[in-house]
Amino acid sequence: MRIVPSRKAISTIAAAAIIVIIVIAVVGVAVYFITLPKRAITGSVTIWHGLTGSEEVAAKARIIAFNKEYPNITVTFTGKSTLKESLKVAIPAGKGPDLFTWAHDWTGEFANASLILPIDDYIDQATKDLYFPSALSAGMYKGKLYALPIAAEAITLIYNKGMVTTPPADTDSLMDMLRNPPGGAQYALAHVAKTDPYHMYPWVSGFGGYYYNDTTGLVGLNTTSTIDAANWFNTNIKPYLAPDLGYGSQTALFYEKKAAMMIGGPWTIGDVRKANITFGLALIPKLVPKGNVLPMPYEGVKVMWWTKNVKPENVEAVTVFLKWWTGVDNQKALAKLLGWIPVAKDAYNDPDIANDPVIVGFGNQIKYTTPIPSAPQMGDVWGPAGQAWDNVLSGAKTATVAFNDAETAAINAIKLHYGRYP
Amino acid sequence: MNKKPKSPHFLKDIWSRNFVAYLYMLPSLVMLLILNLYPIAFSVGIAFTNMYLGNISGGWRFIGLSNFVALLGSFSSEFYYVLYKTFLFTAINVSLQVLFGLAFAIFYNSKGIFGKKIHLAIVILPWAIPGYISTLIWGGMFQTAYGAINQILRGVGLPTPNWLNDEWLAFGTYNVVNTWLAYPFMMTVILGALQGISPELYESATIDGARSWHKFRHITLPLIRRPLLLATLLTTNTTFQQFNVPFLLNNGGPAGRNQTVMLWGYNTIFGSGNFYGLASAFLDIVLIFVLIIGFLGLRVSRIAEEER
Amino acid sequence: MSHIKKLRQRIAVRFQKISKKRLMFGISKNLLAIILELAIIFPIIWIVSASLRSYNSLLTTTLQIIPPNPTLDAYYWVIFQSSFWTWLRNSLFVTLFTAGLVLLVASPAAYAMSRFTFLAKKPLLYSLVFIQFVPGLLMFIAFFYLLIFFGLYDNLFGLVLIYTAFLLPFNIWNLKAFFDTIPKDIDEAALIDGASYLGAMFYVVFPVSLPGIAVTAFFSFLTAWNEFIVASIVLASEENYTIPIGLYRLNQTTYQTNWPLFSALSVLASIPIVIVFMIAQRYLRAGLAIGAVKG
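Chains as they are written, first to last, in the numbering used here: chain V, 1 to 422; chain H, 1001 to 1308; chain D, 2001 to 2295.
These are computed hints drawn from the structure, not numbers from a lab.
Watch out, some of these pointers could steer you wrong.
Partial selection, computed: residues in chain V whose CB lies under 8 Å from chain D [as the list claims (entries may be wrong)]:
no., residue
1, 52
2, 53
3, 79
4, 82
5, 85
Subject to a maximum C-alpha distance of 25 Å in a straight line, what follows is the list of computed BS3-like cross-link-like pairs (lysine-lysine) [claimed, not checked]:
no., chain 1, residue 1, chain 2, residue 2
6, V, 8, V, 60
7, H, 1215, D, 2021
8, H, 1111, D, 2029
9, V, 323, V, 367
10, D, 2021, H, 1111
11, V, 308, V, 84
12, V, 128, V, 142
13, V, 323, V, 95
14, D, 2021, H, 1116
15, V, 144, V, 323
16, D, 2029, H, 1116
17, D, 2020, H, 1116
18, V, 332, V, 38
19, D, 2029, H, 1117
20, H, 1215, D, 2029
21, V, 308, V, 144
22, H, 1111, D, 2020
From the three backbone atoms N, C-alpha and C, an ideal C-beta is built for every residue, glycine too.
For reference, chain V alone in the conformation it holds in the complex (with noise of 0.2 Å):
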C-alpha cells in the first residue's frame, strides 16, 4: 500500500520549509551585510619583520587569522635577515615595505631620515588610549607618533622558587642574601655585566642618572648620580657576583641552579622551563641609599611603523592593517602563544592574561620603566657606556675616570656623525 501524504501534512511542511528558508536567506544577507565593511576594504599591505623560529610561526598563524577577517586584502608578509639594511636600502628607493615591527629605539634614526611617517591623520585618539601611555611614547619622536605598540619587555628580578621563599624587596634585604646564599646556591644573584649597559641601567636610573635624555639631547653618563650608581654597585654588588661577568656565564648559572636569583627577561623564561626551574617574578628590589626608590630598567616595546613606500589606494588596507595588529585582540593571542606582555590596556586586564603568572610578574615591572630613547643619537652612547662600566668593574679605572672618559667618547661620536652637540 502506497503512503500517500494527506493535503493537510503536505502544506504544513511546505509552509515549515518555507519559513526556514526565508529565516536561513534573512540570516545569511544580514552576516553578508554587517561583514560588508571588512569584505569590501580592498588593497595589499606589505610587512617586513624581523621574526624567525617559533615566533614567526606564530605571527603567520595570526597573518592568517587576519585574512579570514579581512579576505579582500592582500597581506604580504616577509621576514628579513637584514631587516635594519634592507630598509634602509629600499625605503628611500621606494621599494621598501608599507608596514614594519621591531623593537621600537629606532624611531629617531628613521624619522630623521623621513623613512617613516607620523601616523596622527589615520589614528584618532580612541585609538590611541587603548595603550598604556609609556608604551604609546615609545613609538613617539618629536612629539609625533610613528608607531603603535605591540607588546614590552624589561628586566626584572628571577628567583627560583625552590631556593628562595621571599624575595628581597630592598637592597637591604638583597645584600643579607648576597652575603648568605640561600638555599644552598653557590651564588644569591646572576646578573649580566659585561659590556652590557643594558642590563646595568635600572640601578643608573634607581641614583636618579640616566645615559641619554631624549629631550634635552644630552648625555648623562657623567653625572654625579650616574657615577654614584657604577660605585655602589661595584662596592656592594659585584664582590657578590661570579667572576664571569659575561651573558652566558651568568645565566648559565641560574640555569644550573648555582644561582639563586638572576636579573633577566622575558627571553629567558623558555630557557629556565626547559631546566626545570619553578620560579617567580618580583620587581627589582628597591634601592635603600635612595629612600626605597624603584630601580626602573630600559622599556623595549615592540612596535610596528608606517613607511613613506604606502601608495595613496592602499592607505586603507594598511591603516585596517596596523590597528589590527596592535589591537587588543592579536595582542591577547600573541601573548597567549608566545608570552608577549600586552601594552593595550583592555589586552593586559583580561581575565584569561591576567592568570598568567609571567606575563603578570614583568608587566608589574613593566609599570616602573623608561622607554630606550629612541633619538639615533643613542646609537653613540651605548658603546661608551658599556666600556665605562666594563672598565669600573674589572677594576681598570675609577667611576669619575671611566665615566667621564666615556662622557668624552660618546659626545665626540655624536659630534662626529651629527656635526653637533646637543
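The hints should help you fit chains H and D onto chain V, whose structure is shown.
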C-alpha cells in the same frame, strides 16, 4: 722564433686585429663600465657630500673635504683606532696564513705520506665549506657557557674565558678563525708551485752535498717566490677588507672595539645615522691604503722576479 | 713460476732497503698528519654532531662529541618543513647563471688581452687589477640604485649581475695569465690553416685551457653560492631567498640559536659545494695562473 709572413694587407690586418680585440672585449667592457666603474665613481663622489639617508633623493650638497677633516682631524677619533686594529689584524693574520700555508704545502709535498689525495682533500675543507657557515659555527664553539672550546677547557680544568666579549680575546678568535679559513688558499698556490719544480734539481743538490735547509733556501724559495708573493698580496687585500669574520662572530667586538675597516664602514652606513657621505670618505681613504699596499706588493714581486 | 719468484725477490730487497729509522720517520709523519687533520676538521665534526641532536641536549657544559640520543629530526625538518627546496632552487639558479655569464663574458676578453696588442691595453690591464682592490661596500649603494633602474630589484637575475660584476676583474686577469702560458704558435698554426679568430679561439685554445676555465667557473660558483649580505638586501620576497639567507635567519633566533636545525641545514648546504671543490681541487693547483712557474 717563427717569422710571421708579412701580409700584403698590413694596415687592414692591424685594423682587423684591433677591431676583433675590442669586439671580444666589448661585453666585458660594457659590464665593467656600467657595473664597476660607474659605482666606484659615484661612491667616490659621495665622499664630498653630506649625503645621509634622509637627503639621498634630494637636498644633499657638496661639502668639500669636511668629511675627511672630520675623520682625520682628531687623533682620538674612532677612525684611527679602527685603522690600527685592522692593520694589526692583517699583519698578524697574513703572517699566520703564509706560515701555515707554506708548512702544510711542504709537508704534504714530501715523500712518505700515504693517501696524499685524501689528506689534501681533508686539509682543503676549511676553504670548501662556505665561509659564513664556518664562521657562525666557530662563533657557536666560542660561546662562553655552552661552546665546544670552553667545554674542552672545562673538561681539563683550565679557565674558560669569555672569548667573544673581551676585546683582545675576541681579537684572538678573529685570528684563529680567519687563519683556519684562509690557509688552504696559500697552501694550494704554494703546492701548485712546488709541484712545478722538477725533482732533478733536488737530486743534483743532494749529490752535491746540500742539506734540507739549504735546498729549501736556494731551490724552493726562489722558485716559488713569485706565486707566493702574488698570493700574499691578494690575501693581504682580502684580509684587510675582511668583513664576515668580525661581523658574524660578535659584530665588531664588545662595544665595537674590534671593528675592522669594512665593518666600521658598514655600521656607519647602516647604523643610527646612516651617513653615506662620511662612510664613503672613510672607504675612499681605505681604498687609497689598499692601492698603496697593492702597488708596493707589485713592486716587491717585480724586484723579486728581477733577482732571478 | 720464475715471475713470482722474481717479484718476491724484488719486494724482499725493497723492504731491506728501508731502514728502521726511515720507517719510524714515515709512520710518525703520517700520524702527525692525521692528528693535525683531526684538529682542523674539529668544527666540522662538531657541526655534524650538533645536527643529530634534539635541541635540549646541546646546552650542556661538558663536551659530548657523540650525541646522547642521535636523531634525524633536524634533517627531517629542514628537508620537509622548511623552504629548503625553494632556497636550493634559487641558489642553483643564481650560481649556475653567474658561472655561465662570467665564462661567456670573461673568456673572449681574456683571450683578446692575451693574444692581441691594441690601443690602451696596458691601462686596461692595470685597471682590472685596480678594480679588484676596491672595497665592495663602496660600490654597494650605487649598485643597488642601478638594479632598481634596470628593474631588477628583488630579482634573482639582478643578483647574478652584481656577482658577475664583482667576479669579472679577477677572472679576466687570471684567465689572461693562463692563456699567456699557452704558446701563441698554436693559434698561428690554426690561423694559417685558414681558421677565423673565433675558430682559433674556440677549437684550439679553449680545449687546452680547461684548468683555467675550470677555475673561473669554480670561483664564480663559489662566490655566488656563499654570498649572503648582498643577497639579503637585494631580495625582498621569500620565494626568492637563497640558501645563505635561509641559514642566516636560522642563526638569528631571538634566544639561543637552534643549533640542531642550523647545523642540519649547514651540512646540507655545504655538501654540494664540497663535492664541487673535491672535483675541482686538482684543477685549482694548475689553473691558478699565479702559480704558473714556467722557465
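Evaluation of the provided hints:
Evaluation of the residue 52 of chain V hint against chain D yields a held restraint, the C-beta minimum of about 5 Å falling below 8 Å. Nearest Cβ of chain D to the Cβ of residue 53 of chain V: about 4 Å, under the 8 Å cut. The hint holds. The closest approach between the C-beta of residue 79 of chain V and any C-beta of chain D is roughly 6 Å, which is under the 8 Å cut-off, so the hint is satisfied. At its closest, the beta carbon of residue 82 of chain V sits 4 Å from a beta carbon of chain D; the interface hint therefore holds under the 8 Å criterion.
Taken as an interface hint, residue 85 of chain V checks out: its beta carbon lies about 6 Å from the nearest beta carbon of chain D, inside 8 Å. At roughly 57 Å between alpha-carbon atoms, residue 8 of chain V and residue 60 of chain V are farther apart than 25 Å, so this suggested pair is violated. Between residue 1215 of chain H and residue 2021 of chain D the CA atoms are separated by roughly 22 Å; this keeps the pair inside 25 Å, and the hint holds. A C-alpha spacing of about 10 Å is found between residue 1111 of chain H and residue 2029 of chain D, which places the hinted pair at or below 25 Å, so the restraint holds.
A hinted pair counts as satisfied when its Cα atoms are at most 25 Å apart, and residue 323 of chain V with residue 367 of chain V qualifies at roughly 23 Å. A distance of roughly 15 Å separates the Cα atoms of residue 2021 of chain D and residue 1111 of chain H; the hinted pair therefore holds under the 25 Å criterion. The hinted pair formed by residue 308 of chain V and residue 84 of chain V meets the criterion: a straight-line CA distance of about 15 Å does not exceed 25 Å. With a C-alpha separation of about 17 Å, the suggested pair residue 128 of chain V and residue 142 of chain V falls inside the 25 Å cut-off, and the hint holds.
Of the pairs offered as hints, the one joining residue 323 of chain V and residue 95 of chain V holds, with about 23 Å between alpha carbons and a cut-off of 25 Å not exceeded. Using a Cα cut-off of 25 Å, the hinted pair residue 2021 of chain D and residue 1116 of chain H holds, with the two alpha carbons roughly 22 Å apart. Among the hinted pairs, residue 144 of chain V with residue 323 of chain V is consistent with the structure: their alpha-carbon atoms are about 17 Å apart, no more than 25 Å. Among the hinted pairs, residue 2029 of chain D with residue 1116 of chain H is consistent with the structure: their alpha-carbon atoms are about 12 Å apart, no more than 25 Å.
Using a Cα cut-off of 25 Å, the hinted pair residue 2020 of chain D and residue 1116 of chain H holds, with the two alpha carbons roughly 22 Å apart. In summary, the hint linking residue 332 of chain V to residue 38 of chain V is supported, as the alpha carbons are separated by about 21 Å, within the 25 Å threshold. A hinted pair counts as satisfied when its Cα atoms are at most 25 Å apart, and residue 2029 of chain D with residue 1117 of chain H qualifies at roughly 15 Å. Under the criterion of a C-alpha separation no larger than 25 Å, the hint pairing residue 1215 of chain H with residue 2029 of chain D is consistent with the structure, at around 20 Å.
With a C-alpha separation of about 15 Å, the suggested pair residue 308 of chain V and residue 144 of chain V falls inside the 25 Å cut-off, and the hint holds. Restraint check: the Cα-Cα separation between residue 1111 of chain H and residue 2020 of chain D comes to about 16 Å, which is no more than 25 Å; the hinted pair holds.
In terms of the numbered hints stated before, the structure departs from hint 6 and from no other.
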